[in-house]
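Colleague: Protein chains in written order, with my numbering: chain A, 14 to 385; chain B, 5 to 339; chain C, 4 to 330.
Honestly, I wouldn't trust all of these hints.
[Stated by the list, open to error] In silico lysine to any residue, SDA-like type, Cα no more than 25 Å apart, as pairs: (1) B:Lys122 with C:Gln65; (2) A:Lys295 with B:Lys122; (3) B:Lys122 with C:Arg96; (4) C:Lys139 with B:Lys335; (5) A:Lys293 with A:Asn192; (6) B:Lys335 with B:Pro278; (7) A:Lys381 with A:Thr322.
None of these hints come from the bench; they were simulated from the model.
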Amino acid sequence: MSSNIKVITMPKWGLTMKEGSVGDWLIEEGITVDSGMEVVEVETDKITSAVEVSDSGILRRTVAVSGETLPVGALLGVITEEEVSDEELDDFIQKFQDNFVPEEDSEEDSAPKTETVQIGELTLNFLRQGDAEKAAFLLHGFGGDLNNWLFNHQALISNRTVITIDLPGHGSSSKDVGNGSFGFMAETILQFMKELDIMEADWVGHSMGGAIALQLAKSHPEMVRSLTLIGSAGLGEEINGDYLRGFTQSQSRRELKPFVQQLFKDSSLVTRQLVEDLLKFKRIDGVQVCLQTIMDCFIDGDKQVEILTNVLESQDIPALVIWGKEDRILPVDHAGSLPNQVQVKILEDGGHMVQMENASEVNRIINKFWEI
Amino acid sequence: MARNITIREAIREAFDQEMERDSTVILMGEDIVGGAGSPGEDDAWGGVMGIHKGLFGKYGKRMLDTPLSESAYIGAAIGAAACGMRPVAELMFIDFLGVCFDQIFNQAAKFRYMFGGKAETPVVIRTMYGAGISAASQHSQTLTPIFTHIPGIKVVCPSTPYDAKGLMIQSIRDNDPVIFCEHKNIYDFSGDVPTESYTIPFAEANILREGSDVTIVSYGLMVHRAVEAANQLAKDGIECEVIDLRTLSPIDMETVIESVENTGKLVVVDEANPRCSIASDISATVAQQAFNDLKAPIEMVTPPHTPVPFSPDLESFYLPSSEKIVKSVQKTLIN
Amino acid sequence: MSDNALPLSKDKLLRAYRMMKTIREFEERVHVEFATGDLPGFVHLYAGEEAAGAGIMMHLRQEDYISSTHRGHGHCIAKGVDVKGMVAELYGRSSGTCHGKGGSMHIADLDMGMMGANGILGAGAPLACGAALASKYKKDGSVGISFLGDGASNAGNFLESLNLAAVWDLPVIFVVENNGYAQATSRDYAVAVDSYVDRALGFGMPGVTVDGTDFFAVYEASGEIISRARDGGGPSLLECNMIRFYGHFEGDAQTYRGSDEVEKIRKNRDCLKKFVQQVTQTDALNKSDLDGIDQEISVLINEAFDEAQKAPRPTETDLLSDVYINY
């Protein structure tokens, strides 16, 4: 009976999300939806985005009301095939609501937990999800952390065991970046792979993370099954140096916000909480020095110091490059002058943080790329 | 990595991390260790509220129990600071400031200025304030405005564990004398706090809740009352912006003014008595700098001009509450 | 080691003389200039008390700290604070030791270990305890000296500090400069005990009484207790019985003193005269040594006042500076 009824529930975006505030419904009741379509806007204290459905059918009921705040896992709406009657639907919804236990009230803690590993003097914090045979590593960019991938974790685990790392100097990893070079980062990650007994993986790098992935491919091509580079550093000279400097040197909310807004196409996505969280990160002992040290190696004025495009030429590694057309940090042009064998996807509607703002599309592209 | 700890634990962690990092940091106060000279346990109390508990084993001589001589030991902390140490001295109850105030306001506060910019007095004097446990009139006051009035000292007042740890670390590292005020009723409040050391700059208020209908400004325990009131009002569709000042001197008036420019209405909640208080200071400044943005008279929610009473019934009449804040907010919305 | 009958070498004797004579000439000149009305505020003169300050300060190093009283010029000079800066400070000029921000009662130079003259009597006692406490952690053998008068000796700050110093075993010396008067009130009236040694013992530390007008007596007694403190022997109290030539403040008619009291003490209890007598009689120093120093000091004082009177005045920007290190 109810196998025809599919639920849309409040997603869990990132590890700390407990509830979300329902925004506008993007699709009306009665409309047919396809898997992957965005149906309703949700705002959390960290980010605003849209929930996409993983099933096809008719959106029979929009249960959640705009303006409501609901916990993770709560019922938002219901999709079914036409045959199911209204009574059956009501019954189903009632049963769901009766049995629903919000995550924080439930006995078991089903939220995925981060783990740490010791690499020499460094502690690396990471999240490992999925149990596929092949592994994939997701590397965030300058000033970011593993939560930059919060809209991508779940979608990618169907094909891979997905491992997201807090790079050295970032997130909850040790605030030590050695000499600040991509080489240091790559070496540390290499040690990390060995700790996890992983000999080969698919690499997904965003921004500076892309340059680190390229560095790894340069020094240890045997460990790289494929490269996915998103708004990546290392593929051209130009970079928005003012952004990097502004981000690093800002000491207050007021100073930092306009820089963070440059990361997104829709700057209204930059909530107070997002800026607050970045400030909290920057204020941890050692972070300022780490960011400055990396920046000193990374850029010179408005130019990137290390260009790694030739890695894509000389290596026989499948490569995919994704870029937002409206990227204000690294120009989309860098995706235009790459070797022929590299797959390139430009997102017309994307800024620098495409993996967040255009998550569903990016996830689809990557999953497809990995299936090949 | 953040985890959920109490304000008490957060302050203790700040001490531990700073004392480990900097050997000139020393702690002193009455019974901060407890058991000095007596046959029972070492570290018997760890401070009257247990904040220092567990540190003595690690830091030994850098933690000093003091005789009941505020003037002498607060003065000694100040003198030691002028000579290169970074003492954190406890004035157990803010109500005791009378017996040592000269050392604070005539000595520490004025060294840098009077000595033509040569002195550095990096002392932190931490003190408990606030009512609500029937500790009566001599152990329940909020004398924060007496400190903020004095040029040359800084005054800090956290309301959450994250703020308590970051502001304590900032206070210890700051080279000016700092009065660090802790509400005696919030040591068990918990929240997410990173394990690493971090700082929070002074003069940065925190916006706990955004809203465009009215601005509520407060500090310390009253911030929590303001949040309760805001949640209550939200049910009626009234969205309050709640601002936690975090530091009282220097004070972040920019955030307050910006907010009032947006909402047009201001409610200030202050547990200090109303004459010459921080509430009246903020109200006057906003009236001066944002007069044309105000759409209603400023409301202040404070106790009356009385000492703090003993009886729990009387104390609950005395203290600002979330209900009183709600009423004041509604008053600003009458037009 | 001294090669004369006195316990100090010739160099040290010259240094001691220079110290005391500079103080005397400084104070006498302030007395004259103050009467013209050109010096703002209040001054409290140390003239007549030089031997006490010098006798103690001869044992101190730059890293030892002293806290002083409202009557601080002598302590400042003896501790090595720049004389010209001091005069400019008295005139409220921006070239003053405290850039004109402190004045006579708050002259300080922490680099020289001078924690400030203090307008609050007794307030220096806890501060000196603090310096001594810091010394215990620094382990550099330094000491703290708290100077206070017979008036301040009754203040809570002082009495609490005696106990604290004894409980914590601090290398601090409390020096009670008993000149017999707390403003216009005599010590005999205001202090219940006959000797401050009783107070010291009452609070758990040793005490010594010396004639504060005898440089050598002060030097010997303070030397012993300062050494003991440096070696970890804890606090002591030194009572220096002495006299002040001038009033509590300049302008004080001193009507509370006997009719020829000041004249008599200038004649019979002038510590400088006593010192000169003692050094010349034993041939430790000769008159020409002393005259040479007198000459240099005279030049120094004249220059100091000339320069100060022409020195730049602070501006409105200076008013707002140095309240905090950063705000």
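Colleague: Assess, step by step, whether the Cα of B:Lys122 is no farther than 25 Å from the Cα of C:Gln65, and give holds or violated.
Modeller: Cα-Cα ~16 Å, so holds.
Colleague: Can the restraint linking B:Lys335 and B:Pro278 be considered satisfied, given a maximum Cα separation of 25 Å?
Modeller: holds, 19 Å
Colleague: For the pair supplied as a hint, C:Lys139 and B:Lys335, confirm whether the alpha-carbon distance does not exceed 25 Å.
Modeller: violated, 59 Å
Colleague: Taking only the CA atoms, is the gap from A:Lys293 to A:Asn192 under or equal to 25 Å?
Modeller: Distance of about 24 Å is within 25 Å: holds.
Colleague: Hey, A:Lys381 versus A:Thr322, does the alpha-carbon distance stay inside 25 Å?
Modeller: holds, 23 Å
Colleague: Taking only the CA atoms, is the gap from B:Lys122 to C:Arg96 under or equal to 25 Å?
Modeller: holds, 16 Å
Colleague: Taking only the CA atoms, is the gap from A:Lys295 to B:Lys122 under or equal to 25 Å?
Modeller: Roughly 32 Å between the alpha carbons, so the hint for A:Lys295 and B:Lys122 is violated.
In summary, the structure is inconsistent with hints 2, 4 from the numbered list given earlier, while agreeing with the others.
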